[in-house]
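S.K.: Quick note on the working numbering: the sequence shown kicks off at 1 and runs consecutively.
No lab work stands behind these hints: they were computed from the structure.
Where hints are given, some of them may not hold.
[Unchecked claim] Here are the simulated PhoX-like cross-link-like pairs (lysine-lysine), alpha carbons at most 20 Å apart as the crow flies:
id : residue 1 : residue 2
1  : K64       : K39
2  : K33       : K58
3  : K39       : K24
4  : K33       : K61
5  : K61       : K39
6  : K62       : K39
[Claimed, not checked] Taking CB as the label site, the calculated pair distances span:
id : residue 1 : residue 2 : range
7  : I65       : Q26       : 39 to 45 Å
8  : E76       : Q21       : 28 to 34 Å
9  : D71       : M101      : 19 to 25 Å
10 : Q16       : K62       : 45 to 51 Å
11 : A99       : D71       : 37 to 43 Å
12 : R20       : Q92       : 43 to 49 Å
13 : E79       : K39       : 22 to 28 Å
14 : E79       : E40       : 32 to 38 Å
15 : I90       : E35       : 16 to 22 Å
16 : S94       : Q26       : 51 to 57 Å
17 : R95       : M19       : 29 to 35 Å
18 : E35       : K66       : 29 to 35 Å
Yeah, the Cβ is synthetic: ideal placement off N, Cα and C, and Gly gets one too.
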Amino acid sequence: MGFNGFGGGFGGGNMQALMRQAQKMQEEMMRAKEELESKEFTSSVGGGMVEVVMTGDKTLKKVKIKPEVVDPDDVEMLEDLVISAVNDCIGQISRAENATMPQVPGM
1 MGFNGFGGGF GGGNMQALMR QAQKMQEEMM RAKEELESKE FTSSVGGGMV EVVMTGDKTL
61 KKVKIKPEVV DPDDVEMLED LVISAVNDCI GQISRAENAT MPQVPGM
């Protein structure tokens, strides 16, 4: 007999079930992460003047800038458009992470 007349020490079967559940959750999280990282996200700003493409792991893959938006006298506007497009893509990725990643209680 175990502690105080209870068999199995620290819950035996219950601990194994908990470990299997934790392992299954970890596998689901890895699968969801891999799926998300393989997706591409696109953002277009300034009426299509600047477009960026990022992967789900937040790697910038492409920046397209229409020639008519390139104004040597207003470089700041172009910089702002690029920043806006990148930030929008990052926001899309974050929302996708929240929607697809299994929710872990207490995290």
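S.K.: Hint by hint, say whether it matches the structure.
M.R.: For each hint, the structure was consulted:
1. K64 - K39: 19 Å, holds
2. K33 - K58: 12 Å, holds
3. K39 - K24: Measuring from Cα to Cα gives roughly 23 Å; hence the hint is violated.
4. K33 - K61: The given pair, whose Cα atoms are some 18 Å apart, holds under the 20 Å limit.
5. K61 - K39: The hint holds at about 12 Å.
6. K62 - K39: Distance ~14 Å between K62 and K39 Cα, so the pair holds.
7. I65 - Q26: 39 to 45 Å: Since I65 and Q26 have Cβ atoms about 42 Å apart, the given range 39 to 45 Å holds.
8. E76 - Q21: 28 to 34 Å: For E76 and Q21 the Cβ distance comes to about 53 Å; the hint is violated.
9. D71 - M101: 19 to 25 Å: 41 Å, violated
10. Q16 - K62: 45 to 51 Å: Taking Cβ atoms as reference, Q16 and K62 lie about 48 Å apart, which means the hint holds.
11. A99 - D71: 37 to 43 Å: Check passed, 38 Å falls within 37 to 43 Å.
12. R20 - Q92: 43 to 49 Å: 34 Å, violated
13. E79 - K39: 22 to 28 Å: With Cβ atoms ~27 Å apart, the hint holds.
14. E79 - E40: 32 to 38 Å: 23 Å, violated
15. I90 - E35: 16 to 22 Å: Holds, since I90 and E35 (Cβ atoms, about 18 Å apart) stay within the stated range.
16. S94 - Q26: 51 to 57 Å: Once the Cβ atoms are compared, 21 Å apart, the range 51 to 57 Å for Q26 and S94 is violated.
17. R95 - M19: 29 to 35 Å: Given about 32 Å between the Cβ atoms, the range holds.
18. E35 - K66: 29 to 35 Å: About 32 Å separates the Cβ atoms of E35 and K66, which means 29 to 35 Å holds.
In this structure, the hints that do not hold are numbers 3, 8, 9, 12, 14, 16, in rising order.
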